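Whenever a hint applies, use it, and build me the whole structure from the sequences.
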Amino acid sequence: MSQSSDLSRLQTHDIEIGVTDALQRHASRHVAQHKPVSQRVLDYERRRPRWLRECIGEATGVFLYVFSGLASVAAFITNGASKEPPVTAFSSFFQIGLAFALGIMFAIVIAGPTSGGHFNPAVTVALTVWQGFPLKKVPHYILSQIFGAFMAALLVMGMYREQIVKYEETLTTLGMPLVSATGPAGIFCSFPAEGQSMGYLFLIEFFVDSFIGLVIWSCIDPANPFVTPATVPIVIGVGYGVMVWGFADLTISTNMARDLGSRFVAAIFYGGEAFSYKSYCWISILVNIPATLFATGFYELFLRDSIQMIHKGGVKHAEGEEGLRRYLSDVGVLKDENEVTAMHMARTEAIGMKN
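Residues 1 to 355, numbered by our numbering, are exactly what the sequence shown covers, in order.
Just so you know, the hints here were simulated from the structure itself, not pulled from any lab data. Remember, predicted model here, so these are calculated numbers, not experimental data. Treat each hint with caution, since some may be false.
Derived lysine to aspartate or glutamate pairs resembling DMTMM-like cross-links, with alpha carbons at most 20 Å apart [what the hints assert, rightly or not]:
(1) Lys136 / Glu54
(2) Lys278 / Glu194
(3) Lys137 / Asp249
(4) Lys35 / Glu45
(5) Lys278 / Glu300
Given below as structure tokens:
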């Protein structure tokens with residue numbers, strides 16, 4: 001840094017801070033403003049059905065993360081079958097896990113504000129059971145999630161068609177099956193490896209899905225001081241990626257919509273064996289929901305702190321302020337009206353800061 005620059009920093013009392021901080025304080029910013037919203041746009045958005053917007057949001061979110069993940073799986077399998085030296089940096093279990101993790105982050109950031117960011121039938125069911133999500137919306141959400149995965153798998157098939165056809169020809173020449181964990185059908189959905197029992201696969205799927213369910217439920221807990229709205233996509237994405245890195249080699253599904261939607265694509269191109277192969281599909285499709293209910297139930301029963309949620313303004317007492325006052329008086333937390341007033345003011349400030 002030049003002497004004149006140092007003198008300038010001395011004159012502006014910035015000698016103890018970094019260059020970037022000094023620029024942020026003294027450099028003028030010119031931010032492009034959004035153009036005014038027209039009445040026509042407002043009228044269109046008002047007439048747009050809310051349920052359709054939510055369904056499109058769910059389908060888009062699942063599409064984004066399934067498309068990212070399956071593209072990586074396709075690169076992994078087709079590069080491994082190529083006679084040319086594979087680019088290992090872009091073809092590994094680590095890369096697959098990272099692709100799914102980043103895909104989930106993008107899905108939450110892009111489509112989460114529109115639909116709530118379920119992107120998994122098990123999460124939708126758990127929110128219905130524990131958080132009062134409307135039951136009438138559940139079929140719409142789940143069908144939208146499956147459709148999003150179906151379209152993502154179909155697009156991956158189209159984009160990787162040339163490489164997949166070459167791989168199919170190689171396997172056919174060698175007399176190897178197309179539907180297997182390492183076959184082209186394995187790009188789109190999970191298949192067990194040789195020697196794996198159904199009980200073993202069930203336990204792996206159950207505990208992997210339970211882990212992911214715990215991570216998701218902790219992220220949507222308003223009383224959790226370690227997770228902010230801005231970090232939720234990162235935490236959930238990394239939680240998902242950790243399970244892929246640790247257990248993808250042992251056969252996991254993690255999401256009913258992801259597996260079922262893409263399994264339909266596998267069935268279109270490779271026949272009904274995509275569903276009947278070793279009778280595994282019922283594990284990949286159905287275990288996700290009871291496992292997530294187990295994990296979220298565990299969180300609700302043993303880890304949830306509802307009074308902290310109320311204190312932070314995340315939820316309200318079912319009977320309003322009177323019910324909260326009565327509860328706190330019964331447990332001896334509140335002694336007089338002054339404490340009630342102070343508590344009410346603190347909650348009001350917390351809600352205001354949150355908004």
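Against the structure, the hints:
1. Lys136 / Glu54: Distance ~13 Å between Lys136 and Glu54 Cα, so the pair holds.
2. Lys278 / Glu194: holds (10 Å)
3. Lys137 / Asp249: Answer violated: Lys137 to Asp249 is near 35 Å, above 20 Å.
4. Lys35 / Glu45: Judged against 20 Å, a Cα distance of about 17 Å means the pair holds.
5. Lys278 / Glu300: Roughly 36 Å separates the two Cα atoms, so the pair is violated.
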